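Under my numbering, the residues of the sequence shown are numbered 1 to 358, in order.
Errors might be hidden in some of the hints.
[Claimed, not checked] Each pair of labels, with its calculated beta carbon distance range: (1) G119 / E25: 47 to 55 angstroms; (2) S351 / S214: 35 to 43 angstroms; (3) I272 / Q65: 28 to 36 angstroms.
[Claimed, not checked] Below are the DSS-like pairs computed for lysine-lysine, each with C-alpha atoms no more than 27 angstroms apart in a straight line: (4) K315 / K255; (5) K87 / K98; (6) K308 / K274; (7) K98 / K150; (8) K150 / K236; (9) K150 / K163; (10) K247 / K286; (11) K164 / K150; (12) K179 / K129; (13) K87 / K37; (14) K308 / K247; (15) K247 / K275; (16) K108 / K127; (17) K164 / K127.
What the hints contain is simulated information worked out from the structure, not anything from laboratory work.
Computed from a prediction, not measured in an experiment: that's the story for all the values here.
Think of the CB as a built atom: it goes at the ideal place given N, C-alpha and C, for glycine as much as any other residue.
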Amino acid sequence: MKLEVKKLNLKYPSGEKALSDVSLETDGVIAVVGAEKSGKTSLLRCIAGLESFSGEVLLSGEKLQNIPAECRDIQLFFENFSVFENKTVFSNLAYPLKIRGEKFSEIKPKVDSVALDFGLYDVLEFKAKRLTEDQKRTVALARLFLRDAKFTLLDDPTAGFSKKASGEAFLRMKKAALKKSGVVVYATQNIGEAFEIANEAVFLNFGQVKQTGSMEDMYYRPNFVVVAEAFGDYNKVEATLCADGGKLFVTLFGKNITLAKTPEDLLSEDYIGKKVIVGFRYSGVKIVSSSATENGGNTYRFSEFSSKSGKYIGKIETELGDVFVETDEKFGGEFTLSVESAGINLFDVLSEGSLTIS
């Protein structure tokens, strides 16, 4: 099985453009990641044949429009899920198999297996109205894994769970999804989830693909600021891009920092001498010295601290704006700053797109 989406465009009757030239290709599991209103649901609805669009959706090489709906073998889970409140959990799970004409002797082992996988075995005989909202959502999600459909579309399946239940639901769903032999498209706002379930993701923002690639590509070589910021540990400041002797440098925090990139790596040398966005991870900021006279550069103090995953995140108010640094301990004295040049990304001030050749 293979899914191909080619230059897909979707415009609503209001004139609003929901998707612009979206393309993707997979024969396994792929994630679609983006914030709310980024176009994830619209894309899945197009793949499922629920929207009129321009462009192409190919299912195993055949155009979606040429395949009768009953022959597409697409399963989908959208956030507005439903269960039959007055039916048992078993009946809810069995329903899609029953309408396909399967016998009870074929249905029962499949339902029992999925119920075990999703932690529902002990409530199989309960009516759905007795379940918690998290359990009802689990029932709706588990239904998709009763059979090995050619194409399974999951639209933010963990978003509606309580915070306590979402992690467990994701792990159960991930395990079941990776067992499938067909194509799985997993749409999520959570970039961590995206790369736990898939090796490749498509990053959507306002209906446009900003980047397609691995977690390593997006984390270290983001095509846009919005991609870099999705990981949640990103600083950005503005500085003038300079060149000297075949090398690029920027002045940050009172120091000239020579970049790993050269003028030949730029999309255009017209950026030299102009303001650009300089981006870098919290972990790429280094506290160099408590003495400005030893290392040069401006001196700073932390203005506040927060904690995250056993580390402190220190806030520093600089002449370029607020900057955050990851540190093992709170520090009260003065220091100078440096930034690891290899971790610096350059972006256009207006488009916020990368200035360098990938």
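Here is how each hint holds up against the structure:
no., hint, in the structure
1, G119 / E25: 47 to 55 angstroms, "violated (34 angstroms)"
2, S351 / S214: 35 to 43 angstroms, "violated (23 angstroms)"
3, I272 / Q65: 28 to 36 angstroms, "violated (49 angstroms)"
4, K315 / K255, "holds (19 angstroms)"
5, K87 / K98, "holds (14 angstroms)"
6, K308 / K274, "violated (36 angstroms)"
7, K98 / K150, "holds (19 angstroms)"
8, K150 / K236, "violated (43 angstroms)"
9, K150 / K163, "violated (31 angstroms)"
10, K247 / K286, "holds (22 angstroms)"
11, K164 / K150, "violated (32 angstroms)"
12, K179 / K129, "violated (30 angstroms)"
13, K87 / K37, "violated (34 angstroms)"
14, K308 / K247, "violated (36 angstroms)"
15, K247 / K275, "holds (17 angstroms)"
16, K108 / K127, "holds (17 angstroms)"
17, K164 / K127, "holds (23 angstroms)"
When each numbered hint is compared with the structure, violations occur for hints 1, 2, 3, 6, 8, 9, 11, 12, 13 and 14.
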